[in-house]
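Order-wise, the sequence lines are chains A and B. All the letters of the first sequence, read from the start, carry residue numbers 1 to 481 under my numbering. All the letters of the second sequence, read from the start, carry residue numbers 1 to 147 under my numbering.
Among the hints, erroneous ones may be present.
Just the calculated beta-carbon pair ranges, DEER-fashion [said to hold, decoys possible]:
no., chain 1, residue 1, chain 2, residue 2, range
1, B, Glu-77, A, Asp-407, 22 to 30 Å
2, B, Val-54, A, Asp-38, 28 to 36 Å
3, A, Ser-353, B, Ala-50, 26 to 34 Å
4, B, Ile-114, A, Arg-104, 56 to 64 Å
5, B, Ile-76, A, Glu-211, 39 to 47 Å
From the structure, some residues in chain A lie toward chain B, with a derived Cβ separation under 7 Å [claimed, not checked]:
no., residue
6, Ala-184
7, Arg-188
8, Ser-191
9, Gly-302
10, Ser-306
11, Glu-313
12, Arg-320
13, Ser-351
Covered, in the sense of this in silico footprint (three residues per stretch, anywhere, with C-beta under 8 Å from a C-beta of chain B), are these stretches of chain A [claimed, not checked]:
no., region
14, 51-65
15, 76-88
The hints are simulated quantities; they were obtained by calculation from the structure and are not laboratory data. Note that the Cβ used here is the ideal one computed from N, Cα and C, for glycine as well.
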Amino acid sequence: MRAEIAIIGSGAGGAITAATLAEAGRDVLVLEEGPPVDPGVGTNTPEAMRTLYRNAGLSPIFGRVPIAFVEGRCVGGSTEVNSSFWHRPPRGALERWRDSFGVRDLGHAEIDRLLDEIEQTVRPTVTRPGELPPSSAVFRRGLEGVDTEPIETPRLQGGDASGSQFAPGAKRSMSRTYLPRAEAAGARIESGCRVRRIHHRDGRATSLSVERGRGRDRQPFEVHAETFFVCGGAIQTPALLRASGIRERIGDSLRIQPMLKAAAEFDEVLDAHRSVMPVYQLHEAESSVFLGGSVFTPGFLGMALSDRWPENESLLRAWRRMGLYYAACRGSAKGSVRAFPGTGDAIVRYSVSREDRQNLVGGLARLCDVLFAGGARCVVPGIRGRAPFRSATEAHRVLESRIAPGDLNLSTVHVSSSCPMGEVEATCPVDSHGRLRGFENVRVGDASVIPDAPGVNPQGTVMALALRNVRHFLSGAGSPS
Amino acid sequence: MSIEARLLDIARPLLPSVPELPPDEARRVEDDLAGDLAAQIARLPAHLAAPFRVALVAFDLLPLLRFGRPYRALPIETQRRVVRAWSNAPIGAFRNFVKLVRSCALYTYLDHPIVTARLERAGAAADPSPSAGAGPDPSALRSGSAG
Numbered sequence: 001m002r003a004e005i006a007i008i009g010s011g012a013g014g015a016i017t018a019a020t021l022a023e024a025g026r027d028v029l030v031l032e033e034g035p036p037v038d039p040g041v042g043t044n045t046p047e048a049m050r051t052l053y054r055n056a057g058l059s060p061i062f063g064r065v066p067i068a069f070v071e072g073r074c075v076g077g078s079t080e081v082n083s084s085f086w087h088r089p090p091r092g093a094l095e096r097w098r099d100s101f102g103v104r105d106l107g108h109a110e111i112d113r114l115l116d117e118i119e120q121t122v123r124p125t126v127t128r129p130g131e132l133p134p135s136s137a138v139f140r141r142g143l144e145g146v147d148t149e150p151i152e153t154p155r156l157q158g159g160d161a162s163g164s165q166f167a168p169g170a171k172r173s174m175s176r177t178y179l180p181r182a183e184a185a186g187a188r189i190e191s192g193c194r195v196r197r198i199h200h201r202d203g204r205a206t207s208l209s210v211e212r213g214r215g216r217d218r219q220p221f222e223v224h225a226e227t228f229f230v231c232g233g234a235i236q237t238p239a240l241l242r243a244s245g246i247r248e249r250i251g252d253s254l255r256i257q258p259m260l261k262a263a264a265e266f267d268e269v270l271d272a273h274r275s276v277m278p279v280y281q282l283h284e285a286e287s288s289v290f291l292g293g294s295v296f297t298p299g300f301l302g303m304a305l306s307d308r309w310p311e312n313e314s315l316l317r318a319w320r321r322m323g324l325y326y327a328a329c330r331g332s333a334k335g336s337v338r339a340f341p342g343t344g345d346a347i348v349r350y351s352v353s354r355e356d357r358q359n360l361v362g363g364l365a366r367l368c369d370v371l372f373a374g375g376a377r378c379v380v381p382g383i384r385g386r387a388p389f390r391s392a393t394e395a396h397r398v399l400e401s402r403i404a405p406g407d408l409n410l411s412t413v414h415v416s417s418s419c420p421m422g423e424v425e426a427t428c429p430v431d432s433h434g435r436l437r438g439f440e441n442v443r444v445g446d447a448s449v450i451p452d453a454p455g456v457n458p459q460g461t462v463m464a465l466a467l468r469n470v471r472h473f474l475s476g477a478g479s480p481s
Numbered sequence: 001m002s003i004e005a006r007l008l009d010i011a012r013p014l015l016p017s018v019p020e021l022p023p024d025e026a027r028r029v030e031d032d033l034a035g036d037l038a039a040q041i042a043r044l045p046a047h048l049a050a051p052f053r054v055a056l057v058a059f060d061l062l063p064l065l066r067f068g069r070p071y072r073a074l075p076i077e078t079q080r081r082v083v084r085a086w087s088n089a090p091i092g093a094f095r096n097f098v099k100l101v102r103s104c105a106l107y108t109y110l111d112h113p114i115v116t117a118r119l120e121r122a123g124a125a126a127d128p129s130p131s132a133g134a135g136p137d138p139s140a141l142r143s144g145s146a147g
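Here chain A stands alone, though its shape is the one from the complex:
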């Protein structure tokens, strides 16, 4: 197979890169490992978990405390299965990336202009007045109860409470926005194709070894292109580069935003499974902690209650009056991504730091303040063996005692920075505009290049940086001198 430009991955970075290049008249081939999204399956059912998520949703991050990590593996990538919360990169982040990583030409004006343009397509939406989902209403009440102004976070989804978060077509993910645009402009999208290796010689990538299908049905083939955009995400991109023998500074500085969940029982019926997930978030600027609501089904509730099972089983009877919420933080440690010898599968490590632990436990205490102020009867913390809290006072008393890091039930959906961009060559394998150092025709366009954890849901940041960098490539300014 041949193309002028091969793009590996069809998520937030790959899709916008493909559409931009195809609309500029380039011959584009997108290779996606996963299948197309089946509208009949939804995105959070057990069947979706097996088909649309990498490793059927069972991707551990190894470390002192194991962390459950999920990412999409389908046409559209994680944008098909995420919460679709939309944030612009926080103001302090761009300054940090310029100052600490030497990222050139990264200004608020330019990023805001790019995001204005992207938002014309993905249309971030807030809830229509009077249609606030009950699981959001109680959170809002809680925020007001702790004297915090509730600010709704826009989502790339219809803004009504009755529109199920799982309804096919409800979300403006990549398979419904940028990928159709790319195809309309002539891009070819090949799903079910796993790129095994990037072949290269003398600082130039020459071709890709690709496999279609699995097991005995596997069909290997080669893809030749002039330019390669690696957009597999913050885990798969470094794993592929390393499996291809490109290892210098690749996968050495993974950042994550670890999350500690809690289930809360209220007096009123929330029926959180029927509506969009809670739409308010609280960002604590001074501690990099953020709080919010999580996807809810009886199954997700079961998982949240499972750390103290069977004692928590009786709470299932109250499932219609329960919601799931979280405390998360910008992780302060650095993790790594390596490729397993032979298979190239990613091995991810991250050790939760003392600061992370303090932030998460402190964040959980703050979350309990909000939930009890919102009328919670009890809050079940994601901490092994801990009984449900009955009041904010009890939550603080318990959380201020020593909690072993290994007892925290951690997960994450936000990973980034495994191939940070910038001009500090000692730490940045990618230059300020996404070109892989040492290669004239390999570019990285996904969450790997975000210099460090942004402190918000990262999709907006990924898309803005990918658009910025592909425009730079099209301008011809990106060629190495």
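Fit chain B to the known structure of chain A by using the hints.
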């Protein structure tokens, strides 16, 4: 012994008693659960699947030392004790193994369409909401919550 059977043996004593399922539905849900769990494990990359399979066999055989029978042949109450012992084991790998199976089992079971439909029906009868129509006093349901 198939991986489905081994997984179901571990999952069965963990399954909630709510909602109550008629025997034919319970059987179907258990069959699907075993198949779904095995399919999840089959999706794991080799470096994760291999140790998991070893742990599965070890979990089944280790009770031989204490009870003279493998896990699968123990009465369900003893199986619950074994699961609890692993959940609180001093060795993190033991705890994490049970945590993984338990989380997957509860998620898959509770989001099974039959179970969800039963939960909805039970909830609608006990907890009134605009979509469910009028029902008895919600406190009837609340009394079932964990103390």
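Hint by hint, here is what the structure shows:
1. For the pair B/Glu-77 and A/Asp-407, the beta carbons lie near 27 Å from each other, so the given range of 22 to 30 Å is met.
2. For the hinted restraint 28 to 36 Å between B/Val-54 and A/Asp-38, the CB-CB distance of approximately 34 Å keeps it satisfied.
3. A/Ser-353 and B/Ala-50 have their C-beta atoms about 31 Å apart, which keeps the hinted 26 to 34 Å range intact.
4. Taken as a hint, the range 56 to 64 Å holds for the pair B/Ile-114 and A/Arg-104, whose Cβ atoms sit roughly 58 Å apart.
5. For B/Ile-76 and A/Glu-211, the Cβ-Cβ distance of about 44 Å falls inside the hinted range of 39 to 47 Å, so the restraint holds.
6. For A/Ala-184, the interface hint is violated, the least distance from its beta-carbon to any beta-carbon of chain B being 33 Å, above 7 Å.
7. Hint status for A/Arg-188 relative to chain B: violated, with the closest Cβ pair at about 27 Å, above 7 Å.
8. For the restraint placing A/Ser-191 at the interface with chain B, the shortest Cβ-Cβ distance is roughly 17 Å, beyond the 7 Å limit, so the hint is violated.
9. The interface hint given for A/Gly-302 holds, since its Cβ lies 3 Å from the closest Cβ of chain B, which is under the 7 Å cut-off.
10. Hint status for A/Ser-306 relative to chain B: holds, with the closest Cβ pair at about 5 Å, below 7 Å.
11. Below 7 Å, beta-carbon pairs count as interface contacts, and A/Glu-313 has one with chain B at about 5 Å; its hint therefore holds.
12. Hint on A/Arg-320 holds. Least Cβ distance to chain B is approximately 5 Å, under the 7 Å limit.
13. Because the beta carbon of A/Ser-351 sits about 13 Å from the nearest beta carbon in chain B, more than 7 Å, this interface hint is broken.
14. Closer than 8 Å: that is the beta-carbon criterion, and the region 51-65 of chain A has 5 residues meeting it against chain B, so the requirement of 3 holds.
15. Only when three residues or more bring their CB closer than 8 Å to a CB of chain B does the claim for the region 76-88 of chain A stand; here the count is 0, and the claim is violated.
Comparing the model with each earlier hint shows violations of hints 6, 7, 8, 13, 15; every other hint is respected.
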